[in-house]
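*Asks:* Each chain, written out:
Number of protein chains: 2
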Amino acid sequence: MKLYGYFRSSAAFRVRIALNLKGISVDHAFRHLRKGEQSTPDYARLNPQKLVPALQLDNGEVLTQSLAIVEYLNEIAPEPPLLPADPVGRARARALALIPACEIHPIQNLRVLGYVREKYGQDEAGVAAWARHWIGTGFEAYESSVAGHSATGMFSHGDRPTLADIALVPQVFNAARFQVDMTRYPTIRRIHEACMKLRAFDLAQPSKQPDAEP
Amino acid sequence: MKLYGYFRSSAAFRVRIALNLKGISVDHAFRHLRKGEQSTPDYARLNPQKLVPALQLDNGEVLTQSLAIVEYLNEIAPEPPLLPADPVGRARARALALIPACEIHPIQNLRVLGYVREKYGQDEAGVAAWARHWIGTGFEAYESSVAGHSATGMFSHGDRPTLADIALVPQVFNAARFQVDMTRYPTIRRIHEACMKLRAFDLAQPSKQPDAEP
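Top line first, the protein sequences correspond to chains A and B.
Its first residue numbered 19, the first sequence is counted upward by one per residue in my numbering.
Its first residue numbered 19, the second sequence is counted upward by one per residue in my numbering.
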């Protein structure tokens, strides 16, 4: 399998964590998002959505959208499970994952920030304020969903990392880039720290990728 | 079970479709998003994310995030299946669903439009231009992912409605509200029309809800 990614892409980061947790090694290809390499004709043929990540299977088939890829990996390689065993637990882990994946990341990704910069004449401080606002809104939702909830454990759901943590950790990295005050989200911080002690999360972080830039 | 929704919420619309396809009837409660009824203390206790939909189970447990709720319904009531039988097909249906759910809807939902209006001084035309831009970007991605793909059938994946169609149809309704030119997306239009011939989709549409407004 071959993963098309970009070191700083949250969505590619999620897939890297899942691959590491599953112990699946893949070839890596990189598309430099700031240089627009996700929109070249050859890549658009591979992924018409012009986004990373894309996972190309050995038969040529291409999977897109990080959460769908992680669910696929969890189906073809069930151990260790990335979702709880019970339907209500699975619904909770998926719902938590969808907070960063739907409510935060798409609103503060490169192309939306570019639009805010160009169309609304925002400078870097204005763009960062936009990003911080939506990260804050989403993190408040996440924090209040995990803090004090009986199903929260060492990780977002129980004592093993799940899809929820896989979606959360890359968003915490983004928050750091935008200097979000994380003291407001003590449970997120605690879970993030627990995750980063795991080799699967640590090795997936942007600065440890071959295409990383300072 | 009790579904907290709002007639015009795309995310609640998705859950209504899934419930109808499964033949599951639930009690309905409404939170008027334009009046901010999703942020009242009683509702925030129920769903700290302050979003609709939320599905309260008979044991009091509350499920959030529409795609997680639909996956839950598909697990507790497997027939008719809302996902294909094979992992690659499931990955494709989930990835298609995530285009409206991640790449479009969160960027053009009420609270983001409100921010664009207030912070960037956009009038209704400006706000609509923002919404149309992101709906267009996402629909281009969806259209090019389904048009001519061998797995596309009468619906987005094969000849039965899946999670993909459940996410797509409410977004087409939103597109109509913002007067998006749908002639550019012939496959989406065809799939949408096929869906709307089904009672499950038809009865879930905003105008047929008890809380509908003109």
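Treat the hints with caution; some may be incorrect.
Pairs involving identical chains hold if they fit within one copy or between any two copies, as the list cannot separate such chains.
[What the hints assert, rightly or not] With a Cα cut of at most 16 Å, we get these calculated EDC-like pairs of lysine to aspartate or glutamate:
id, residue 1, residue 2
1, Lys215, Glu161
2, Lys68, Glu161
3, Lys53, Glu231
4, Lys20, Asp104
5, Lys68, Glu55
6, Lys215, Glu93
7, Lys68, Glu158
8, Lys40, Glu79
9, Lys137, Asp76
10, Lys137, Asp104
11, Lys40, Glu97
12, Lys215, Asp177
13, Lys40, Asp141
14, Lys226, Glu142
15, Lys68, Asp45
Simulated from the structure, these hints should not be mistaken for lab results.
*Asks:* Each of the hints needs a verdict: does it hold here or not?
*Replies:* Verification of the supplied hints:
1. Taking the closest pair of Cα atoms, Lys215 and Glu161 never come within 16 Å of each other, the shortest separation being 20 Å inside a single copy and 41 Å across copies.
2. Taking the closest pair of Cα atoms, Lys68 and Glu161 come within 16 Å of each other only across two copies (13 Å); inside a single copy the shortest separation is 32 Å, beyond that limit.
3. Proximity of Lys53 to Glu231 under the C-alpha cut-off of 16 Å is restricted to the intra-copy arrangement: shortest distance 13 Å within a copy versus 46 Å between copies.
4. For the homomeric pair Lys20 and Asp104, neither the shortest alpha-carbon distance inside one copy (32 Å) nor that between copies (20 Å) is at most 16 Å.
5. Proximity of Lys68 and Glu55 under a CA criterion of 16 Å is satisfied intra-copy only: 9 Å inside one chain copy versus 37 Å between copies.
6. Within a single copy, Lys215 and Glu93 get their C-alpha atoms no closer than 25 Å, and across copies no closer than 33 Å, so neither meets the 16 Å cut-off.
7. For a Cα distance limit of 16 Å, the shortest separation of Lys68 from Glu158 across copies, 10 Å, qualifies, whereas the shortest one inside one copy, 31 Å, does not.
8. For a Cα distance limit of 16 Å, the shortest separation of Lys40 from Glu79 qualifies neither inside one copy, at 20 Å, nor across copies, at 31 Å.
9. For a Cα distance limit of 16 Å, the shortest separation of Lys137 from Asp76 qualifies neither inside one copy, at 42 Å, nor across copies, at 48 Å.
10. Proximity of Lys137 to Asp104 under the C-alpha cut-off of 16 Å is found in neither arrangement, the shortest distances being 46 Å within a copy and 43 Å between copies.
11. For the identical chains of this complex, Lys40 and Glu97 are intra-copy neighbours only, at 7 Å inside a copy versus 30 Å across copies, given an alpha-carbon limit of 16 Å.
12. Taking identical chains as interchangeable, the C-alpha atoms of Lys215 and Asp177 lie at most 16 Å apart only when both belong to the same chain, with a minimum of 13 Å there against 46 Å between chains.
13. In this homomeric assembly, Lys40 and Asp141 never come within 16 Å of each other (Cα to Cα): the closest approach is 41 Å inside a single copy and 49 Å across copies.
14. For the homomeric pair Lys226 and Glu142, neither the shortest alpha-carbon distance inside one copy (26 Å) nor that between copies (45 Å) is at most 16 Å.
15. Neither within a single protomer nor between protomers do Lys68 and Asp45 lie at most 16 Å apart by alpha-carbon distance, with minima of 19 Å and 41 Å respectively.
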